[in-house]
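Sequences listed follow chains F and U, in order.
Going by this note's numbering, the final residue of the first sequence carries number 135, and the count climbs one at a time with no gaps.
Going by this note's numbering, the final residue of the second sequence carries number 1912, and the count climbs one at a time with no gaps.
Honestly, the hints are just simulated from the structure, not real lab data.
Predicted model, so just to flag it, every value in this text is computed and none were measured.
Using N, Cα and C, we set each Cβ at its ideal position, and we do this for glycine too.
Careful: at least some of the hints might be erroneous.
To be verified - Stretches of chain U that chain F covers, calculated by requiring three or more beta carbons in the stretch to come under 8 Å of a beta carbon on chain F:
id, segment
1, 1028-1036
2, 1232-1246
Unchecked claim - Restraint ranges, calculated between C-beta atoms of paired labels, are given here:
id, chain 1, residue 1, chain 2, residue 2, range
3, F, 94, U, 1076, 22 to 28 Å
4, F, 133, U, 1049, 41 to 47 Å
5, U, 1020, F, 115, 46 to 52 Å
6, F, 94, U, 1858, 53 to 59 Å
7, U, 1419, F, 121, 50 to 56 Å
8, F, 94, U, 1268, 31 to 37 Å
9, U, 1284, F, 94, 29 to 35 Å
10, U, 1108, F, 94, 34 to 40 Å
Claimed, not checked - Rough simulated footprint, nothing fancy, chain U against chain F, three-plus residues with beta-carbon under 8 Å:
id, segment
11, 63-75
12, 95-101
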Amino acid sequence: MYTLSGARTATPENPTSEIDPMPKSFVIGELEQIVLLALLRTRDQPYARSIHRAIAEVAPRPVSRGALYRTLDRLEGKGYVASEVEDGPLERGGMARRRYRATPAGIAVLQEARTLLRRLWSGLDAFADEIEAES
Amino acid sequence: MNRPGPEPRPRLPPRWLRAIARLLLPAGLGGDQALGDLLEDFRLRVTDGAGSGRVLLATSAFLSSALALAVTYSLPSRWRSRRDAGPGHAKENRTMTLSTGALLDLRTAARSLRRRPLLTAVAVLSLAIGLGATTAIFSLVNVLFLRPLPGISDQDRVVEIGRTRQGQGFDSFNYLDFRDLRQRDGALEELALWSSGDWSLAAEDGGRRMAGLYVTPSYFRALGVRPSRGRLLNERAEDELGERGVVVLSHRTWQSELGGDEGVIGSEILLNRRSYRVVSVTDPAFQGHVGGVQMALFMPMSDSPTLESSPEHLTDRRIMAFNVLGRLAPGRTAAEAEAQVRTVMRNLAETYPDSNAERGAGIVPLGPVPGAGRGPAGGFMTLLMALVVVLLCATCANVAGIQTARALARERELGTRLALGCGRGRLLRLLMLEALLLALAGGAIGFALATVVVRALDFRRLPVPVSFQLDLSPDLRVFGFCFVLALLAAVLLGLPAAWQASTRPAGPALVGGGWRAAGTASRWRRVFVGVQVAGASALALVAGLFLRSLEQASQIQTGFDPSGVVLTGLDLSLEGYEGAAEGLPLLERVLERVEGIPGVERAALSKDLPLDLASHGTGVVPESWDAAGERRYFGVDTNQVTPGYFETLRVPLLQGRLFEERDREGAESVAVVSRTFAERWPEGRDAVLGARFRYGSLDGPWVSVIGVVEDTKNQMLMDSAEPFVYLPLAQEYEPRLTLVARAGGEQDLSDELRQAVLEIDPSLSLTPVITLVQLTGLGTLPQRMAAILGAVVGSFALLLAGLGIYGVVAFQVTQRSREIGLRMALGEVRGAVTRRILRGAFRLVLPGLVVGGLLGAGLARLLRSLLLGLSPLDPTAVVAVAVTVGALVTLASLFPARRAASVDPAVALRNE
């Protein structure tokens, strides 16, 4: 899997790259991106379980619960996600849960990733159609 | 039984399970959140799932998710926190090393299993088969002996009381003895009588046969049963037998037969053509106190037809007709109750020595199998359990063999670990964890297998008249059993490998000489293969013996031809036809109508059928004995039949004539007798035709013999031929009959037969139509069950043993490749190499084969009553098993042997 850090496309072996080196804040992994996007889709139930379900609905391969928790912790460490602790209802045995939200920095980093992808794809429409036709 | 409490609480896994899960998750908020999510998943699975297994499924999903999180969440976050904390924090983390180490080892163990998927799959599957079979049999034991009966409160306080004779047995009771027991206050607060009964419920589309109980009102109090509607039975002033003319319906009967009519209480229903007032419907859970038998209704003992026709049941201490249940008083034990009951019985024996001498009483706690049947049922289940435990041992030996091989193959890795400072305890833990993972995976699959297999057992198809339905879905007890068994298996199969690896010095493994040089490993493997072969051949022998006994059974001359005969039962005494005067004309019309069905060759009615496990005996007095004044009987079995009986069952006539229409009431009393009867006739076989005997008693009516027919097996296949007397039904009336009809072709006559009878009287209640082959098959049911079980279990065991032999031989061949190469370089031919390896394999297997043969014969000896006279060392079966195991050994060792022989000597020598 490639990352969207941009570093790979701007290696010394590929000096012709037109892409500028990315700012530090832009470093975000694919899984992190998926989790952030899934978080944005679960507006009324922004809890880990719902995010997991949202990913399962659209993602091509399953993401384990453990990986999700780890990613959420990491995103929180990077400041892309913030959370508040809530008391759990009876059906979860009173266990606390975290209500997540994406921070402005998180949304900005997603935006940047999207822009990068757009730029990478621009001018490749014919190729994109070809891929689509093949699949 | 699951009544909602005052406050509905969401269903959660048990506290201890939650505690385990919490331990597996990281400390702090993250772990709390993860556990909460798991609990939500659990609840959702329980509320959305279908079927009674959903709690189990949810529980296992909960546990496996927690385990997965331990690896995918707890471990990485611990590493992360340690890395972030830096070296200065190492000391603080020391408390965590034990669990972290265990988790790490778990990960390592899982990885090492994944690296060899084929070996792992074989190990897991073998364990699944062994654990699954044991669990399946245990779930039967659970249902038959351990699981509480539904709808009974405080079942541990309910006991069954049975009469013993010289301290043996568990039989029915006498009414007066019961009353004496009841008068004693003390350890028992309630005592109740019950006896079984059957009824015909009048319905629009023909009568319905129902099984139920005659009970005293105290029956419901003793069991703590509550009514869901109405009130249960009332006592009457004169005795404890209960008011008359009323009936209590089971919830199921109320639903299925009366459509759940809310106005049922106080309404009248027709049972056996008499009107009874419904006073109550029982709690929906309650089905009676006999496991699997769904009692349709409960009637006061005072209405029992036995008491009506022979009131001496209540006054004669010699007549035993009742079963007794009791409830222990609060705080009293069954032992106290037993002592009290025994004292009463001892006093009775002194007071009434004529009737009560040698009579005692025993107490057993109430269970699904009634006290009287617990011995035989327990015996059969013990034997089944023994079979599957042998299988389980064989599978454990197989997997232990695989594990030892795996440890050997990894000697370099393990040696490196040791050399780098891994403690021996740690190494042991690693290997035990591998075994544990294998066993748990095998246990999980085995549990699923057992669930499927046990569900597939369908007791409803047994041709018995009662509604019989066992809830065989596994419960937590079965799950726990399977789990503990898996842990045990893990210890059994992990210890040898772990021990062997952890007691070896580290050096040689690294240098390359390896641990192979120390011969212990191969000795262990020889032992494992020996155990496997022993287990497999024991099971194969048991299967072989039962197959042989079935084969022998099929060759036994039964004296009749059951194929193509269908039958149904009817009881005119339940239908309001009084005596022969009303019954016979109806039966004649029924027969006429049935013989008019296209395709029916012949039909008949009879009281008894051959090979139906029942018999009716009496005595006859030959004329010569009567004339000589000898007061003794000639013991015979009897049956009452209509004229078509012998043709319908194709019982050959040997002499004289069969019954005809003229042999009826008012004509001369006649009998047809069996070959053995004729042979044992005092004046000899030739004198029997036309001879006379008194029937039934010393001054019974005179009956003349008009014909002799072939012997038939009356009760069971192993019966020796006994004298048998047939009487015409028209002369010796009997209301409880079986209608048999022979079809000319292959067609299924079940529906036609039923319709034809109901056309004559639509309110008759018939037992389900079955074939005579089915009925007589009941006699060999245990043999068939044991043969099928033995064959299935034995084939698995043989397969596993084959794999084990293959493994050992292949390993030996690899080990000896240098030697083989050298021999071949020196001129030994390939054939000789192959032969030598085969010889080695047979030497390896022989002790196991002998031990297995003896073990199998021992098992078979325990089962001898089922072997139909076959010797436990039946030569055919023994030879067949030896040949099968021989073929297996050849097959399993031929491939490695040939591979060894095809090796280029130069390559083999160079590789070393």
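Structure-based check of each hint:
Here's how the segment 1028-1036 of chain U fares: 7 of its residues keep a CB closer than 8 Å to some CB of chain F, so the rule of at least three is met and the hint holds. Evaluation of the coverage hint for the segment 1232-1246 of chain U: breached, as 0 residues show C-beta separations to chain F shorter than 8 Å, against a requirement of three. Range check, residue 94(F) to residue 1076(U): about 27 Å between beta-carbon atoms, so the 22 to 28 Å window is met. The hinted range of 41 to 47 Å is satisfied by residue 133(F) and residue 1049(U), whose Cβ atoms lie roughly 43 Å apart.
The given range of 46 to 52 Å is respected by residue 1020(U) and residue 115(F), whose C-beta atoms sit roughly 48 Å from each other. Checked against the given bound of 53 to 59 Å, the beta carbons of residue 94(F) and residue 1858(U), roughly 57 Å apart, stay inside it. The hint said 50 to 56 Å for the Cβ distance between residue 1419(U) and residue 121(F), and at roughly 54 Å that hint holds. Against the hinted window of 31 to 37 Å, the Cβ-Cβ separation of residue 94(F) and residue 1268(U) comes to about 56 Å, which falls outside the hint.
At roughly 34 Å, the beta-carbon separation of residue 1284(U) and residue 94(F) lies within the given 29 to 35 Å, and the hint holds. For the pair residue 1108(U) and residue 94(F), the beta carbons lie near 36 Å from each other, so the given range of 34 to 40 Å is met. Residue count for the segment 63-75 of chain F with a Cβ under 8 Å from a Cβ of chain U: 7. That meets the three needed, and the coverage hint holds. Chain U is given as covering the segment 95-101 of chain F, and this holds because 4 residues of the stretch bring a CB closer than 8 Å to a CB of that chain, at least three being needed.
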